[in-house]
Amino acid sequence: MDERDGFERRLREARTRQGLDKPTGNDRAGLPTGPWGIGFRAGVEVVSALVVGILIGYLLDRWLGTWPWLFLLFFLAGSAAGVLNVYRLFDPRRGRRS
Amino acid sequence: MAAEGKSIDALGQFELTPVLGAVGKAVGFSQSNLYMLLAVGLISALMIWGMGRRAVVPGRLQAMAESAYEFVQDMVAGQIGDEGRRFFPFVFSLFMFILFGNLLGLLPYAFTFTSHIAVTFALAVVVFILVTLVALAMHGMRFFTYFFPEGAPKALAPLIIPIELISYLSRPVSLSVRLFANMVAGHVMLKVFASFVVMIGSAAGLLGILGATLPLAVNVALIGFELLVAFLQAYVFAILTSIYLHDAVHLH
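If you read the sequences in order, they're chains X and D. Position one of the first sequence corresponds to residue 1 (our numbering), numbered consecutively onward. Position one of the second sequence corresponds to residue 99 (our numbering), numbered consecutively onward.
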């Protein structure tokens, strides 16, 4: 619908004046921000990176017969990736990498 | 049905049983598949029926269909940008499918197909493959610079690349586990408190009935909370898909 009298604009201005609209432009707006939401997300990120790292290490070891060295190596890499994931969760510089 | 004897059977609700008699048994058609078809049918009905009249002043169904459309439209446009419009059908289907799966599961006697890691992981893998293909198609070989930040010392490459690779591969895992864990936890809690209602209520006379109102009140609150979680998790899944698509489109 076209804005004949700028109603949408005036409504937006009024809402902003009353503080009803949160300022947009927020990066990952809408993702759970409560302590439980953040905590759960961080936990899931760490665990999933660890699981992927362990899985890669285990499968490579089984393939190459080098148990347990690659497993240990990828366990460490997985932990680092988990920390990296959590860091990105809180990294305000969106859009650069992630 | 809630409490058999003295034990609480909280996980029985996630068991798959074949439906549709002998045919269903032969092809392994479980109630999970049935509810998936039901969700797809309901979404189609909502969109087709709701938008059928194309009224300028929308009725209830049309308003619902339109607000769902606009909600996802805003999210996709806001997260991915204008190039993201072509991904709108994908994100919208994903969002509605998960949302209806979560909501249908809250109905009594219904089955929640999003409470199975097989289902959520399959959805997450579809997202993962799409994102990777989009990045490869749009940037070709430059996609692989994604795993090595510009300006980092070359000597650190053997350290950074595996870590970045694992971080990238962990996306479908965290995406699927988040949805699956939320749905399972919610339904287990509902079942446990529902079992308490039956166990305490069948205990002793008036005191038992009075005592049973406590877990019942908890369950009422939990249902409200689970409605929130159903929306939130569908939203989180969709918005993370959009964020990943944004990364695939813009790379750096």
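If you're looking for bench data, these hints aren't it; they were derived computationally from the structure. Note that the structure is predicted; figures quoted are calculated from it, not measured. Treat the hints with caution; some may be incorrect.
Quick list of simulated restraints, FRET-style, between CB atoms [as the list claims (entries may be wrong)]: (1) Trp36/X - Ala315/D: 16 to 24 Å; (2) Pro35/X - Gly122/D: 30 to 38 Å; (3) Ile38/X - Phe169/D: 50 to 58 Å; (4) Trp63/X - Ile259/D: 14 to 22 Å; (5) Met149/D - Trp63/X: 39 to 47 Å; (6) Gly150/D - Leu76/X: 20 to 28 Å; (7) Ala220/D - Trp63/X: 49 to 57 Å; (8) Trp147/D - Leu72/X: 55 to 63 Å; (9) Leu55/X - His348/D: 36 to 44 Å.
A few chain X residues that don't get close to chain D, going by computed Cβ distances all over 12 Å [to be verified]: (10) Phe7; (11) Arg41; (12) Gly43; (13) Thr66; (14) Asn85.
Note that CB positions come from ideal geometry on N, CA and C, so glycine has one too.
Item to check | Claimed clearance of chain D by Asn85/X, with the beta carbon kept past 12 Å | outcome: Label violated. Min Cβ-Cβ 6 Å, cutoff 12 Å.
Next on the checklist: Over 12 Å from every CB of chain D: does Arg41/X meet that, or does the non-interface label fail?
Outcome noted: 7 Å, violated
Next on the checklist: So Thr66/X supposedly isn't at the interface. Is its beta-carbon more than 12 Å from every beta-carbon in chain D?
Outcome noted: Label holds. Min Cβ-Cβ 16 Å, cutoff 12 Å.
Next on the checklist: Range first: 16 to 24 Å. Now tell me if the beta carbons of Trp36/X and Ala315/D are that far apart.
Outcome noted: Holds: the Cβ-Cβ distance is about 21 Å, inside 16 to 24 Å.
Next on the checklist: Range first: 30 to 38 Å. Now tell me if the beta carbons of Pro35/X and Gly122/D are that far apart.
Outcome noted: At 45 Å between Cβs, range violated.
Checklist entry - Using the C-beta atoms of Leu55/X and His348/D, is the stated range 36 to 44 Å upheld? => result Cβ of Leu55/X to Cβ of His348/D: about 29 Å, so the range 36 to 44 Å is violated.
Checklist entry - Is the Cβ of Phe7/X more than 12 Å away from each Cβ in chain D? => result Consistent with the label, Phe7/X stays out of reach of chain D, its closest Cβ about 15 Å off (over 12 Å).
Checklist entry - Does the Cβ-Cβ separation between Trp63/X and Ile259/D fall within 14 to 22 Å? => result Given a distance of about 19 Å, which is inside 14 to 22 Å, the answer is holds.
Next on the checklist: Range first: 50 to 58 Å. Now tell me if the beta carbons of Ile38/X and Phe169/D are that far apart.
Outcome noted: Since the Cβ atoms of Ile38/X and Phe169/D sit about 23 Å apart, the hinted range of 50 to 58 Å is violated.
Checklist entry - Between Gly150/D and Leu76/X, is the Cβ distance one that fits in 20 to 28 Å? => result For Leu76/X against Gly150/D, whose Cβ atoms are near 58 Å apart, the range 20 to 28 Å is violated.
Checklist entry - Do the Cβ positions of Trp147/D and Leu72/X conform to the proposed distance bound of 55 to 63 Å? => result Given about 58 Å between the Cβ atoms, the range holds.
Item to check | Whether Gly43/X stays farther than 12 Å from all C-beta atoms of chain D, as the label says | outcome: 10 Å, violated
The structure shown violates the earlier hints numbered 2, 3, 5, 6, 7, 9, 11, 12, 14.
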